[in-house]
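Chemist: Sequence:
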Amino acid sequence: MPNRLDGKVAVITGGASGLGEASARLFASEGARVVIADRDSSRGPMVASEIGDAARFVETDVRSGEDVQGMFAVADETWGRVDVIYNNAGVGGPEGRVTECSEERYDLISDVNIRGVWLGMKYGIPHLERAGGGSIIVTASIAAITGVAGVSAYCASKGAVVAMVQAAAGEWASKNIRINCILPGNIATGQGSRDEDQIEQSREFMAQYNPVRRSGEAIDIANAALFLASDASSLITGQKLVVDGGWTSLDDRYVQVMGPQYSQG
Numbered sequence: 037m038p039n040r041l042d043g044k045v046a047v048i049t050g051g052a053s054g055l056g057e058a059s060a061r062l063f064a065s066e067g068a069r070v071v072i073a074d075r076d077s078s079r080g081p082m083v084a085s086e087i088g089d090a091a092r093f094v095e096t097d098v099r100s101g102e103d104v105q106g107m108f109a110v111a112d113e114t115w116g117r118v119d120v121i122y123n124n125a126g127v128g129g130p131e132g133r134v135t136e137c138s139e140e141r142y143d144l145i146s147d148v149n150i151r152g153v154w155l156g157m158k159y160g161i162p163h164l165e166r167a168g169g170g171s172i173i174v175t176a177s178i179a180a181i182t183g184v185a186g187v188s189a190y191c192a193s194k195g196a197v198v199a200m201v202q203a204a205a206g207e208w209a210s211k212n213i214r215i216n217c218i219l220p221g222n223i224a225t226g227q228g229s230r231d232e233d234q235i236e237q238s239r240e241f242m243a244q245y246n247p248v249r250r251s252g253e254a255i256d257i258a259n260a261a262l263f264l265a266s267d268a269s270s271l272i273t274g275q276k277l278v279v280d281g282g283w284t285s286l287d288d289r290y291v292q293v294m295g296p297q298y299s300q301g
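Under this note's numbering, residue 301 is the last one in the sequence shown; the count climbs by one each step, no gaps.
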């Protein structure tokens with residue numbers, strides 16, 4: 037059976053750790069050549085080296101149009117094409133109530149989570165056009181469809197990219213460019229500066245409350261991204277793929293468990 041991404045070239049932002057790293061490794065194992073775009077200039081080259089000749093690292097700040105154009109240029113100069121764009125880079129973490137979140141924090145979240153995705157589409161789509169089509173994947177969040185008290189700026193940013201995906205998908209479907217987003221639930225990664233103890237606490241919490249009785253792992257999202265990157269999803273565009281173990285199927289539980297800590301007392 038052939039690898040699912042044979043002959044394809046993928047550019048993955050936030051590819052040096054977490055969901056992006058898991059996706060880069062999985063994509064490469066399925067035959068893709070991968071550009072790992074990340075600000076982490078120490079871990080990024082290490083991940084690329086471990087993957088081998090099928091990977092390149094390029095230091096990238098997704099808030100910079102120049103950097104984003106540069107990551108696509110690396111793919112084009114090295115392998116002559118771009119077939120898959122995974123706009124995965126993002127920031128999160130505690131903000132407090134709306135009145136407690138600083139303007140600086142709000143701007144950072146918006147710039148990385150919204151502008152970064154928009155730049156990835158703006159400068160990546162011409163490369164996909166030249167390749168005759170392709171797939172764009174965006175990491176959103178279940179926070180885009182449920183809301184989570186204490187992270188309003190993050191929720192807003194993820195809701196924005198879901199809307200962006202749906203609008204852009206309609207614009208580019210006739211060019212054989214598919215654009216979809218993944219909405220992860222609680223995933224055991226270090227996003228938001230969580231340390232190993234916090235990640236393990238998250239695993240224990242989700243083992244108790246999530247319908248599937250476990251937390252999500254980075255590979256769960258990587259597998260979803262692989263599906264959307266591959267030809268197996270050729271009729272799917274403009275969609276929200278929720279990967280949360282059934283968490284959002286129980287909205288009342290979500291509010292009861294997550295909301296009270298931020299409620300007015």
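Heads up, some of the hints might be wrong.
[Unchecked claim] Each pair of labels, with its calculated beta carbon distance range:
hint, residue 1, residue 2, range
1, 286, 129, 33 to 41 Å
2, 212, 39, 32 to 40 Å
3, 206, 134, 30 to 38 Å
4, 140, 39, 43 to 51 Å
Calculated from the structure, these hints are not laboratory results.
Please read all numbers here as calculations on a predicted model, not as lab measurements.
Note that the Cβ used here is the ideal one computed from N, Cα and C, for glycine as well.
Chemist: May I ask you to test the hint 33 to 41 Å on the CB atoms belonging to residue 286 and residue 129?
Modeler: Between residue 286 and residue 129, where Cβ atoms are some 25 Å apart, the hint is violated.
Chemist: At the C-beta level, are residue 206 and residue 134 separated by a distance inside 30 to 38 Å?
Modeler: holds, 32 Å
Chemist: May I ask you to test the hint 32 to 40 Å on the CB atoms belonging to residue 212 and residue 39?
Modeler: violated, 21 Å
Chemist: Is 43 to 51 Å right for how far apart the beta carbons of residue 140 and residue 39 are?
Modeler: At 44 Å between Cβs, range holds.
Hints 1, 2 from the earlier list are contradicted by this structure; the remaining hints agree with it.
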